[in-house]
Amino acid sequence: MENFTPLSATIGGVLIGLATTLLWVVNGRTAGISNIAGGVYPLRAGDTLWRVVFLIGLPIGALVGFNLGPSILPEIPRTLPEIVMTPVALVASGLLVGIGTRVGRGCTSGHGICGLSRLSPRSFVAVGTFMATAMVTVFVVRHVVG
Amino acid sequence: MNRSLLSLAAALVSGVVFGIGLALARMTDPQKIKDFLDVAAIPSGGWDPSLAFVMGGGVLVGLAGLRLDRWLRAPLAAPKFISTNHARIDRPLVVGAAIFGLGWGLSGFCPGPAVADLGLVPGDVFLFVLAMLVGSWGAGQVAEWSRIQEAANVTAM
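Sequence lines, in order, name chains W and B. If you read the first sequence in the numbering used here, its first letter stands for residue 1, the second for the next number, and so on. If you read the second sequence in the numbering used here, its first letter stands for residue 1, the second for the next number, and so on.
Don't read these hints as lab results, they were simulated from the structure. Since the model is a prediction, treat every value here as computed from it, not as a measurement. Hints may contain errors.
Some residues of chain B that are not near chain W, with every Cβ distance over 10 Å (derived) [unchecked claim]:
#	residue
1	A151
2	N153
3	T155
Quick list of simulated restraints, FRET-style, between CB atoms [said to hold, decoys possible]:
#	chain 1	residue 1	chain 2	residue 2	range
4	W	V145	B	R3	51 to 59 Å
5	W	L49	B	D69	17 to 25 Å
6	W	A132	B	F126	37 to 45 Å
7	W	G146	B	N2	48 to 56 Å
8	B	G119	W	V88	17 to 25 Å
Below, a sample of chain W positions facing chain B; criterion: calculated Cβ distance under 10 Å [said to hold, decoys possible]:
#	residue
9	I36
10	P74
11	G94
12	R102
13	V140
A virtual CB, placed ideally from N, CA and C, is assigned to each residue, including glycine.
With the rest of the complex left out, here is chain W (with noise of 0.2 Å):
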């Protein structure tokens, strides 16, 4: 497990945590991406523009993570992440996951970290319903056809 990363693992998630509690109590909102990026359109006045700036929010911290990140914890690397991906792929990828979070109403961080801790038993369904999926298409892409 050479690449196993617990402590910046547990930093980021808690990060994750503190950013969907402030989401949720100033706004009463869920901090589901694929919801707030997926009722971005058709606009609707006062519902468009916080999922707008949130969105945006998200490569800036990111930008700031990765740069600040390991300087704080030697075990986050320094180089950045590499798609390696054809675009095809990366449509054929994206079209799935923009069905399937619409259909089953979220995604990881949605059904993930929301549901979890709201300890909704349809997000303990999902959770495990994903998890299975997402494993046997590795399994298959990486050790049947790779």
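Since chain W is already given, all that's left is putting chain B on it; use the hints.
Showing chain B alone in chain W's frame:
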């Protein structure tokens, strides 16, 4: 500060902190996500359980944080708490989650990290995000359309 400005500021700070968390945990790296999902690597010792610790840390805070509404009459800058809790475990939940998992496993991208990687990671992440928005919109349109059909059928009978 008026309420709408406060709510926008909170949304921005929440997004930024969320993004910092994703980057520190390296959830911005689809390879690391796949290393978690690759359970076949457990026997050889190549498995990376980090993602479970991210969820654990998030849920630990959320268990307390998402219960703070009990002490508040309303959110600090909004008229009411909008809960996304639905009661029933139905077929769309399971089918949708299964489709999402398939897409997630293919690329190692889920919505949060993909948006966070925009502008940070060189490459075609924007293609994933665009396709995701189109997929979500399209599925929403189909759901809307079948609701209208159903309503029309009920009226016809």
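Against the structure, the hints:
1. A151: holds (20 Å)
2. N153: Since the minimum Cβ distance to chain W is about 21 Å, B:N153 lies beyond 10 Å and the statement holds.
3. T155: holds (25 Å)
4. W:V145 / B:R3: 51 to 59 Å: holds (53 Å)
5. W:L49 / B:D69: 17 to 25 Å: holds (23 Å)
6. W:A132 / B:F126: 37 to 45 Å: violated (29 Å)
7. W:G146 / B:N2: 48 to 56 Å: Hint holds: Cβ distance 55 Å, inside 48 to 56 Å.
8. B:G119 / W:V88: 17 to 25 Å: About 23 Å separates the Cβ atoms of B:G119 and W:V88, which means 17 to 25 Å holds.
9. I36: holds (8 Å)
10. P74: violated (13 Å)
11. G94: Because about 3 Å separates W:G94 from the closest Cβ in chain B, which is inside the 10 Å limit, the hint holds.
12. R102: holds (4 Å)
13. V140: This interface hint holds because 8 Å falls under the 10 Å limit.
Hint compliance for this structure: hints 6 and 10 are not met, and every other hint is.
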